[in-house]
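Put together the whole structure using the sequences plus the hints.
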Amino acid sequence: MSKVDLSVNIGSLKLRNPILLASGTVGYGSEISEFIDLKKIGAIVTKSISLKPRKGNKPQRILETSSGMLNAIGLTNVGIEKFISEKIPYLIKQDVPIICNIAASTIEEYVECVKILNEEEGIHAFEINISCPNVKEGGLQFGNNEKMVCKITEKIRAVTKKPIIIKLSPNVSNISDFAQVAKKEGADAVSAINTIIGTAFNIKNKKPKLKNITGGLSGPAIKPIALAKVFEIHQKVKIPIIGIGGIMNWQDAVEFLIAGSSAVQLGTVNFIDPTASLKILNGLMDYCKENKIDNISSLTGSYQLD
Amino acid sequence: MSKVDLSVNIGSLKLRNPILLASGTVGYGSEISEFIDLKKIGAIVTKSISLKPRKGNKPQRILETSSGMLNAIGLTNVGIEKFISEKIPYLIKQDVPIICNIAASTIEEYVECVKILNEEEGIHAFEINISCPNVKEGGLQFGNNEKMVCKITEKIRAVTKKPIIIKLSPNVSNISDFAQVAKKEGADAVSAINTIIGTAFNIKNKKPKLKNITGGLSGPAIKPIALAKVFEIHQKVKIPIIGIGGIMNWQDAVEFLIAGSSAVQLGTVNFIDPTASLKILNGLMDYCKENKIDNISSLTGSYQLD
Amino acid sequence: MTITEAQIEEIIELEYNIHLFKVKSPEIANVINPGEFLNIRISDLPIPLLRRPFSVCDVEDDFFYLMFNTMGMGTKLLSLKKPGEYLDVLGPLGNGFNFEGDFDRAVILGGGLGVAPFPYLTRKIKDKKEISTFIGGRTKSDLITYGLENIHVSTDDGSYGFKGNVVELLEINFDNLKNDKLKIFACGPTPMLVAAKKFAEKENIECELSTECVMACGFGICQGCPIQSSSDEDKFLLVCKDGPVFNSKEIIL
Amino acid sequence: MTITEAQIEEIIELEYNIHLFKVKSPEIANVINPGEFLNIRISDLPIPLLRRPFSVCDVEDDFFYLMFNTMGMGTKLLSLKKPGEYLDVLGPLGNGFNFEGDFDRAVILGGGLGVAPFPYLTRKIKDKKEISTFIGGRTKSDLITYGLENIHVSTDDGSYGFKGNVVELLEINFDNLKNDKLKIFACGPTPMLVAAKKFAEKENIECELSTECVMACGFGICQGCPIQSSSDEDKFLLVCKDGPVFNSKEIIL
Ligand SMILES: Cc1cc2nc3c(=O)[nH]c(=O)nc-3n(C[C@H](O)[C@H](O)[C@H](O)COP(=O)(O)OP(=O)(O)OC[C@H]3O[C@@H](n4cnc5c(N)ncnc54)[C@H](O)[C@@H]3O)c2cc1C
Ligand SMILES: Cc1cc2nc3c(=O)[nH]c(=O)nc-3n(C[C@H](O)[C@H](O)[C@H](O)COP(=O)(O)OP(=O)(O)OC[C@H]3O[C@@H](n4cnc5c(N)ncnc54)[C@H](O)[C@@H]3O)c2cc1C
Ligand SMILES: Cc1cc2nc3c(=O)[nH]c(=O)nc-3n(C[C@H](O)[C@H](O)[C@H](O)COP(=O)(O)O)c2cc1C
Ligand SMILES: Cc1cc2nc3c(=O)[nH]c(=O)nc-3n(C[C@H](O)[C@H](O)[C@H](O)COP(=O)(O)O)c2cc1C
Ligand code: FES
Ligand code: FES
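Chains A, B, C and D, in that order, give the protein sequences. So the number in the working numbering is just where the residue sits in the first sequence, counting from 1, plus 273. So the number in the working numbering is just where the residue sits in the second sequence, counting from 1, plus 273. So the number in the working numbering is just where the residue sits in the third sequence, counting from 1, plus 910. So the number in the working numbering is just where the residue sits in the fourth sequence, counting from 1, plus 910.
No lab work stands behind these hints, which were simulated from the structure alone. Please note: incorrect hints may appear among the correct ones.
To be verified - Straight line, CA to CA, 25 Å or less: simulated SDA-like cross-link-like pairs of lysine to any residue:
#, chain 1, residue 1, chain 2, residue 2
1, D, Lys1159, A, Pro326
2, A, Lys457, A, Asn418
3, A, Lys328, D, Thr1055
4, D, Lys1108, D, Cys1123
5, C, Lys1151, B, Glu354
6, A, Lys420, B, Lys511
Note that the structure is predicted; figures quoted are calculated from it, not measured.
Structure representation (structure tokens):
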């Protein structure tokens, strides 16, 4: 049996396989590397980084829901300086492509971050987080505003030649409009989806269970929603899509590829089984072999409508 | 111990208790009445009715997902004529307040339906379904368009004095904007949420699992999202809210009341346990007694933020 | 139509992956008819969320039987139950077989697990009517003869009995049957039902088909289980309420 | 830090609702230290979705022990497991107690199920140090003495031992202890840890607190478990990685 080609092209970004680790769910890679050989992964998307370190929200930050979890971390991160001095060198040593996810409170901050990081050899691409539901500034006031997305993409495009991925918010009416804007302004790809706004209340003391009041929903509960968003973008806009949302096993990953994704990111599943990415990679390989798929990228958007 | 007052006022609509059965999940009441005494329920919201009968979508219409289900029924209904001649008389005999849910493809059809039904004594209120994700016309092209919601509410308000409830779509950026519009045009209340767009693909034949391609997600998976929508509306707009989405037990119902709902609707749970509504009603009563709540309406929006 | 907690009395493994549950429930056993079904809540947790429908396989005194194979999560979890545990059962549901009519010989067609409703039908009619049973499967281990009479078998791969499908098997045996007044009762995968319907219409034999559809409620409140009516193009019937057993002329498959 | 399938050897019911699991796992038993914890996946299904953290309660040869009570769905499902079944265990996790230091007598404070990590700590130090253990509960049945030594007890309702909380109990016994060089090890509800911290600081005694927080990952990748650092206002420590055991001076509760 001939070998399956698992490599994928996401705009100008070439990756050895389509299994990526999602931002905020693997930190900067050091802890998860005790469980998996990062060399085998398509790429790691690092925890959202901002110009200055961020402390994040007070606890309780995490809450389990039915087949899902809410988080309100609030973009805790070490800041760009420490990221460059400590985190990137480690990942380069692991030989894993780095996609650097950036969060910011102003357009200028995004641009500044990209400018600084653009000089770093190890960074293969930027993922621009305009869709964090857990911060007051730099989250959804960007992600839910087409003009903002337009401006951010345009300004970032002006300062880097590296691939730009815009991470879209699902908390909008038509996600494809945002993908369209991103495309127009020169983004190489979009990733979808970030978490969906949710909340929960303690019925004893009537307080929100999360200190931040609302959080972002992730995990298997959101998979059907995420798939519909990916499908919507794929139907309407010609731009590579990185599918994210509730992927727990290789079957889910295949479903996202069929629905229109060129690659996928794994989030919540890393907390439950830090080796999941490698299992999914193996499952994907076997699926391709069984179905005589030589090239995994031929699965992208291969849905059959009547 | 003194008796708990479970009655609620939703605008001008007075109901004996806040437990309602959601549209599309109990048909026109006859089948579920084999399990529960409808007299005990706050109200039944009947399956979306349109001017003419609708056949609905082809199967497969139903799909289970992780802690949820997708449906793509497509507003199957008997049409207004048969509804008046057969369904209303039955419900009146059961002594259950009827909230008539209306779906339509044009503004004129909404108005026409309301005009006709306005004459029916048994109907206590109208719930206007502008948020069905499973039909090409009369679904989200209304629910996701503020101007449309404005017009529909305005025109319906002009032809009925009965309470009007606008059933909002969760598939929007800011649901409170829509609640605001509904309020401005004279709606008595809003209900939130209808189902969330989702999909799934069969990885063997690459076809969508639902014939309609996408469907609406309901059940426990969406509860955190629905709660956040209710909370958002309650924070921003002074209008009574009927909370819907993933309620499975009395604890969930209490959570929705705390988050800002004046009443709640039960949907998917009816399929799993058709007696759930009565169990929830009892649980609610016990909760009030234990917590010395004389009047259930004092729970509405009783969340404690720091 | 009630909801009851029914205790599992005994579990029998018929074949690899095929389970027969004997369940105690006078409420159900005393009123259910062949072809009707039960909707079973497998877990208190929201996974699996929805009930799962199963035909009544047989009834003996206060007990009913279920026959099932493991398809997905629901049936997998069901198969892990132990005698003594309780099942949350909603039923009886739907319309069963009409077996009182004017015929001499019941021709029973079962494809794979489609034999499930027939032990009970057989029990009900065997003293009054002749029975010829034709069962088919992909391979030998799919053939389940439990509770059936006068059985003819086929397998797709020819590993046992006639090589071919069960309707073809009926066709080659048809000469021996056609002198009786026949009625066909068929249950199995849709392609098999299509073939049975076609055959019945060609030979002008009364035919009842037990159909399947993914269901949410099982009793008519969700509209999740439509099947095309043949008499009215604008109308779907409901598998759960109008069926699952239909006269073959009522529906378009 | 590994993921292993570990077999439940034995289940002991200590009190109503309080379970002690003896689990075979040389991988864990041979390396884990008192105060460290394990993150356990209770089901293959996505409910409960996340692992649940439990302190290592004790270690004997190739076995580790867990002690837990049923709080919600996760612990309920865990309590239904039977000997012979396997647990999916991720660990050892976190930083445990530092019990090698310069002290003569360990003062162990356990509130309710907060006693869980102390049988193992007791085992490790009892040959080298004096131990005084103070445990408290709301009522008599909350008191679990398993694996502890030299125990003093209190209950909130006075149904057994001293009426009051466990730190008050320590205070009234303090005269008998204060001539030794002491170190406090405390685990229990946050108000108790606050009181313990305050007492330790007042009396200038070394004190380690085993803290709790809702967790997702348990090993530092989700940032879900922050606890305020006392040395740097702008910094949260992570309960799972920097803790769960902290020197009382490191953190603000
Ligand atoms: C009226 C009726 C009677 C039935 N009687 C029996 C019986 O006696 N014995 C038996 O083993 N099975 C019977 N079935 C089928 C049984 O309900 C399904 O096998 C079961 O629901 C699968 O659940 P699961 O969670 O194991 O699989 P899932 O994970 O839900 O699904 C696994 C696969 O089975 C398909 N499937 C699921 N539900 C159905 C369904 N209702 N109809 C057709 N395909 C489905 C899915 O599309 C999927 O491909 C009957 C179904 C109906 C509607
Ligand atoms: C490091 C550490 C060690 C622990 N060791 C033990 C132990 O040895 N024995 C033991 O019985 N328990 C221990 N716990 C607590 C245990 O993890 C929780 O009781 C368990 O996760 C509850 O799960 P559940 O699904 O039963 O309850 P859920 O339904 O998840 O929650 C029920 C209630 O418990 C609260 N809760 C849930 N998780 C935690 C948590 N991690 N910390 C505090 N409150 C929580 C929830 O807010 C809720 O009010 C420990 C927790 C941590 C963080
Ligand atoms: C605890 C947690 C933290 C996250 N932090 C970030 C983040 O910093 N930046 C970001 O772009 N997305 C963040 N996400 C979103 C994930 O990258 C992903 O989009 C989302 O969780 C959906 O995927 P999943 O269902 O597989 O988890 C976070 C998600 C979780 C659960
Ligand atoms: C099978 C099904 C059919 C539905 N049909 C309608 C409908 O006709 N009109 C409507 O307004 N909502 C309809 N809904 C939406 C429900 O009324 C409710 O808003 C939604 O299911 C969320 O609540 P739940 O999670 O409790 O089910 C339907 C939902 C389901 C599951
Ligand atoms: S399954 Fe609900 S109507 Fe048939
Ligand atoms: S629980 Fe994930 S970082 Fe601590």
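* Could you work out which earlier hints the structure fails to respect and list their numbers in ascending sequence? => Hints 3, 6 contradicted; others consistent.
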